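Sequence order for the protein chains is A and B. In short: position in the first sequence from 1, add 799, done, that's our numbering. In short: position in the second sequence from 1, add 12, done, that's our numbering.
In silico DMTMM-like links for lysine to aspartate or glutamate, alpha-carbon gap of 25 angstroms or less: (1) A:Lys1034 with A:Asp956; (2) A:Lys1034 with A:Asp1051; (3) A:Lys1034 with B:Glu68; (4) A:Lys945 with B:Glu68.
Far from chain B, some chain A residues (derived; all Cβ distances over 12 angstroms): (5) Leu853; (6) Ala880; (7) Ala940.
Some chain B residues near chain A, calculated using beta-carbon distances under 10 angstroms: (8) Arg62; (9) Ser145; (10) Gly185; (11) Met197.
Just so you know, these hints were derived from the structure itself, not from any lab. From a predicted model like this one, the values you see are computed outputs, not experimental measurements. Glycine included, each C-beta is placed from N, C-alpha and C at the ideal position.
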Amino acid sequence: MIFRRGQGKFKRGGSRKDEPAEGGTLATFVPRVPWRKSAIVQFERSIPRYQKVLFYVLLAGTVLMGFFLFYERTQARDRLAAQGDATPLFAPVSTSTESFTLDLANDGDGSVTSVQRQIALPLEPSVRARALLERLMAEYALPEAKHPLASGAAVDDVFLLKLPIVDANSDTTTQASDAGQEGELAVVNLRGSFVNQHPSGVEVEMLTVLSMIGTIHANFADITQVRFLVDGQPKETLAGHADLGRVYPSVDTTAIANQMQPTGDASGGSQ
Amino acid sequence: MHWIDGRLTRAVIAACALTAGYVSAQTAPAFNREMVVIDAAHGGPDGGARINDHLEEKEVTLAVAGRLRSLLVARGFTVVSTRSGDLESRSGLPLTSDQRADAANRAHAVACLVIHASASGNGVYIGTSPIGSALAAVPQAGSQARAAGGAVPWDRAQEGYISQSLGLANQVGTALSRAKVPLAMGRVAMRPLDNLMCPAISIEIATLHGGSDATPVSDEDYQQRVAEAIAGALILWKNQAEQPESVTIPRPEGGA
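Next up, chain B with everything else stripped away, as it sits in the complex (with noise of 0.2 angstroms):
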């Protein structure tokens, strides 16, 4: 199943190399409720985060992804990784945050997860975009002339999405409050999540504080709890998402 999701996520990636550059405007399928999304942020010469002097974020990106990857695929979901090694692309570098959500708007995914670490924090950071909300960016010039034109603009796909967005926010964050994880929720600023057609969350992982002990994100059962909790919280969530109005589909400008 593991070369399976390779292959999906080389013929992604292809098929966004093929459309550089273009703008394009089509309408969105239904999505598979039976497809998610995982990207393991970072990756490459981007460590992100430093967890400790032997680890970075990335490594901890991957470690849970893969983790979540497998419960997944246990309970029937298929599931495209934009990262399943250090590096994923031909060229030896990490796919760009364009590529990343480019990558899972193809896939109709039913969710899309956003994996990250921290050294700082408590328990689990659940982010959503904010789009919709008085955070949401200032929309700069001619951006409204591209949504006059009939495509969404690359910055705003999340827009159609974003109620579904906080909806399997919450659906997760409650799955990891029963699972006695410490749990913060918020609008983050962040791409990819803005480019996302999907519901789509951030889900940081940071060190575990209860105590007088403090369980580090390294820890592997820690992180086979929360994998387990958003992996619940997912075949909840699969039979609850709603279809999104017909919407385009956005490209990014520079061409992936």
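Only chain A is shown next, with the shape it has when bound in the complex (with noise of 0.2 angstroms):
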């Protein structure tokens, strides 16, 4: 047999031992195709069609759920990484968020600011204003708060009492006030452990206060007057300064607080 790479021609027999011993001729197609090449046809051919469609189909299937366990690996790597994940989530709200105004203090020019935050809050007016004076609070205790305050609840409970005030018992009215018989007291009940950890001095404790004053001042119109205790008890001062003994009236201390500068004018004094 004669094999040429490339060309494919009819020869024929006898010198092979294969080959018939006498008479007869045998003509051999040698294909004109590689060697390789040719093995592979040979073989081909000698593989039955369904084993090769099934051949097919095998493979196809493998390829296929090699993509599908690459996919449920990532699927199976992101829900590990989302258990170990320790950022808290966001507390289940009943309500939508709506916009507050704030009343900032910053204590390095004794100003008060008004800033709106975006806060869900209960309906109940008392534990609305409970929590957004809470929320406040919160403001205070980030480490870029402009007034500094110790982190923890502040707020124990907010009492919102109707003025005038009436002593039933003995039959008359309480007036809390010989002014502003309108509207509402709120009765601002603070956590002894929020006075206690309170920095000291003048400023530092009247921005707290107004501040708060502020805040209820521009979120709840119903309120005429603010009073606190601590403890559910009347306290002096907030933390040996402020008085806390007075109820103040439920005013916008952004003025009040930002109106007074130094005139450098010598007649008079700055209102």
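Given two chains presented individually in distinct reference frames, assemble the corresponding complex, making use of the accompanying hints.
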């Protein structure tokens, strides 16, 4: 047999052992393809068609299974990563967020500035007031706060009392004030732990009081007066300076805190 | 001069004791333009704010008050100090805020200075009574009746002097600004400001933050700088203060 690459031809036999010993002629086709390819072609010709189909189906199934396993592996890795994430979840809220005004104090210049925050708060007014004041104090616990206070719960309760307050025992009207009989009195019951940790100083204490009063004024139009208690009891001062014994009017404290500046005019003071 | 201040203070305290529980209505005489009251806040068991691990507010206020008193006496003022040591009463306890106010009211001073100190804030914070502003305390039951009776309510004794107090705050604030001391001013709801019948301000001295360095309130140069600015302002103020209108002198309800 003659094998030549790139061409094929018929050659008469007779020189090989497998040729008939006598008579007859055997024509052998020599394909014009490389020897390796010809071997594959011969091999393919020797495989039944149904086996070839089965082979390709299984091959495709294997590839698809590979893709599926890769996808499942990615999904499993994401699930495990999510389980290891310590980031706190958002608290479930039953109400939508609303825009509220917080009066934030600044120890640097003694000012009080109004800022807007989107907060989800309860609907009941006294609980709403307490949550809002807690949110205000949480702002002061942030590292970048300009009026830094210790973190932790600050307000125990807020009670709202209609004015004028009626004394049931004497059957007379006990006036919480001689002026401003309209609206409500907000009694803010501060926690003793908050008061004990509060920095001591005229400015820092006064700014805390102004900040709370201003926040109440900005968000609760019905509240006209504010009084402070500590653990349910009257207390003279917040931390040795700012008076907690008086009843404060609910007013815009941003103007009060920011209106006084030295004028350099020796003739009079600034209001 | 120091012992004169002490004698005067003790005399004022004795007078307070004699009038304990007595609510009188006298016409206020014209104030003495050479008289200044300095109230070094806190004292005794009331240490005030903790400035650092080894220093309390009462010590700083006493030191600043001492410096200010020396400067004012040198400039011809007569100074009444509510506290010249850690304790300032025969009972061994410091004067209450009402007692301090009563002592100051009897001096008819041209200026009453309540000295405080703090570890928070920056520079000096000058406060005046909230009386006359929107933040004025809501009057309690019965106070209007007392006012109708002719006497000024104890909690509103500052009412007739608030415009003068604002002028004094402006004068001192301007002097401190010129001395390059960071300054903030505001209304302060704090005793005994509301009970003082004189141009009255509170002066809180805090740590001085400038650039990368911070000057503590215990720094003697810083204290002297502030005291000199205040003394300079008072020299101008004594000629600018206006006499109050005729008012009645209130006394604390429980007595001194």
